[in-house]
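2 protein chains.
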Amino acid sequence: MDKRYWSSRIRALEPYVPGEQPKDRVFIKLNTNENPYPPSPRVLEAARRAADGSLRLYPDPEACALRAALAELYGLRPEQVFCGNGSDEVLGLCFYAFFSPGKKVVFPDITYSFYPVYARLFGLDFEEIPLNGDFTLPVEKFLGGNGGAVVCNPNAPTGRAQPLENIRRIAQANPDAVVLVDEAYVDFGAESAVPLIDEYPNLAVVGTMSKSRSLAGMRLGWALGSADLIAGVNCVKNSFNSYPLDRVALAAGQAAAEDREYFEETRHKIMATRERAAARLRELGFAVHDSSANFLFAAHPDCPGKDLQQGLRDRGVLVRRFDRPRIENYLRISIGTDEEMEALCRACEEILNGR
Amino acid sequence: MDKRYWSSRIRALEPYVPGEQPKDRVFIKLNTNENPYPPSPRVLEAARRAADGSLRLYPDPEACALRAALAELYGLRPEQVFCGNGSDEVLGLCFYAFFSPGKKVVFPDITYSFYPVYARLFGLDFEEIPLNGDFTLPVEKFLGGNGGAVVCNPNAPTGRAQPLENIRRIAQANPDAVVLVDEAYVDFGAESAVPLIDEYPNLAVVGTMSKSRSLAGMRLGWALGSADLIAGVNCVKNSFNSYPLDRVALAAGQAAAEDREYFEETRHKIMATRERAAARLRELGFAVHDSSANFLFAAHPDCPGKDLQQGLRDRGVLVRRFDRPRIENYLRISIGTDEEMEALCRACEEILNGR
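One line per chain: the protein sequences are A and B, in this order.
Read left to right, the first sequence gives residues 413 to 767 (our numbering).
Read left to right, the second sequence gives residues 413 to 767 (our numbering).
Bound-form chain A, shown alone (with noise of 0.2 Å):
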């Protein structure tokens, strides 16, 4: 690769690399936290009734209805409610709003591996604060005394929740400083911060329609906080570019807010299924943590992770796994169907049987 063109602010980045989105064959993909039911009637009728010749025309830039829709849905005002292109945008908006170059922003060393990746993109100081050996918040480390602290609730890839009083004490003991919580996974078993909101005006929360809402396929996120952080967002955002959301997104996003029904039956769905799926792996000799999201983390004993992993893959099941330190021998396994389930626990018995 010649980079000879390239900013001299870019040479170095090693970019996020996400879940393998395989073209091949057909695999049970259970290694990119997708939800395994389709969304909602309601929300593909709006999709499709968005996809008309009114697409010659640019969409609401300030994504109005969508954000009165989830305002709502989270007892806030609109201008509390910023809209992008999927949580990964919301995020890159977020770090380049809030964090100062110069000024260190914290985050946990396991948790969500985009954020040093933003951090790098833009410039940004940062440490990675190592989580407890059980995979629990280092509380007391994050009390201060940085330019802005990034929380993941419920962790990624550990599945873990924090209580709410923990996000209350960062925020509290962070005042000169943004504290953003991570919410993707907050629908599947955790407290959301949501109501702290008005409480701290350095306090912004990202959410995602991708996991919760079945609609990984449309690229809808948001951040909510104050008016005055949203006003910091849209700056960023105006700045880069004015439509991140297409009209067909912006009508499914509204739809997907406006239908509880369906999203309150496939959450619940899936938090069963997360149970009897981690009890049944835990027969098997697995170490599974309890979890709060949409997928397990879990190791064996007995069988590197790299095995399993490649075990599972062999045998038509995709999971995710980190080469990382401390968690090389986890698997991120998402919740599928109690059937996909099914099948990755009778192929890890196969595995494990094998050896």
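It is worth saying that the hints were derived from the structure and are not from the lab.
One should not assume that every hint holds.
Which copy is meant is left open, because identical chains are indistinguishable; a pair holds if it fits in one copy or across any two.
Within a straight-line C-alpha distance of at most 35 Å, the following computed DSBU-like cross-link-like pairs (lysine-lysine) qualify [claimed, not checked]:
#1 415 to 515
#2 415 to 516
#3 718 to 415
#4 553 to 415
#5 435 to 553
Add chain B to chain A, keeping to what the hints say.
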């Protein structure tokens, strides 16, 4: 606005302001260079088909099918094609990927007003080179000694096209810096620089489906260049947002790239309407620049642009005006249908007669 929690680098930004998207009443909308014709029926069919249960899955982060279709269209290899969320996002990513802090980027003073916004957002030095009095490009001022150049061809908001020879001279004279050619409007009568890509490894050409393919509402743009340049854009994109294009946009974009017949038909209709409207406006006493875009740039010697714009608005017609030195009396009038342009001309006549 309390900017206490904003990053030090965004506090002084002035974001780009897109043209108005009216919500309250129905206007003849000639203010944002949208296409008056709907997208091809094949595109709408592909978009609706994509709005199915598979939206639960992430889109292809590499947009392989769309890139293959565009590579075929432009006679390039897929690794020479980058796809993003509209050409605004693509331009932003290119500014970050190719231009380095401390090295001056040059572009005209009268051009797409997003360029200085990107430069300020990313802390880049830049110089706005004054266009000649007749809005032609002072090519000699773009010949080297800088950290990058951006040329919009045809230029916005003037509509004036560059001869390909000028682009070649600029690319040739800047062997150490990237020359970014923004061809958002090229399909309405200018000559594309794409055939120069294999000759100049420093040449990147940006395009969009918002104008000539009637897909402003779908957010589809691209950059074309050497594989090494495109890898640089991918490096930034993959450090920011793995999936800027949703599944519906990918499907719609592919269908649009493949349907050349509809594309040829509608762009020729628009060019014919443009010439009729230009003639009609000249009859009314307007100074109208020759345009190779889907808009006209026109001023009237007897009436300030501000009054014309307001008078048109009062009569239900939106046009765009930029309150900047040298062009504050010009209206940028998007080409609508023949009927819409006739309504515009009648409204202008009424305003001028009423003075």
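Here is how each hint holds up against the structure:
{"no.": "1", "hint": "415 to 515", "verdict": "both (29 Å within a copy, 17 Å between copies)"}
{"no.": "2", "hint": "415 to 516", "verdict": "both (29 Å within a copy, 19 Å between copies)"}
{"no.": "3", "hint": "718 to 415", "verdict": "within (33 Å within a copy, 47 Å between copies)"}
{"no.": "4", "hint": "553 to 415", "verdict": "between (39 Å within a copy, 26 Å between copies)"}
{"no.": "5", "hint": "435 to 553", "verdict": "neither (43 Å within a copy, 48 Å between copies)"}
Figure legend: structure checked against the earlier numbered hints; the only hint not met is number 5.
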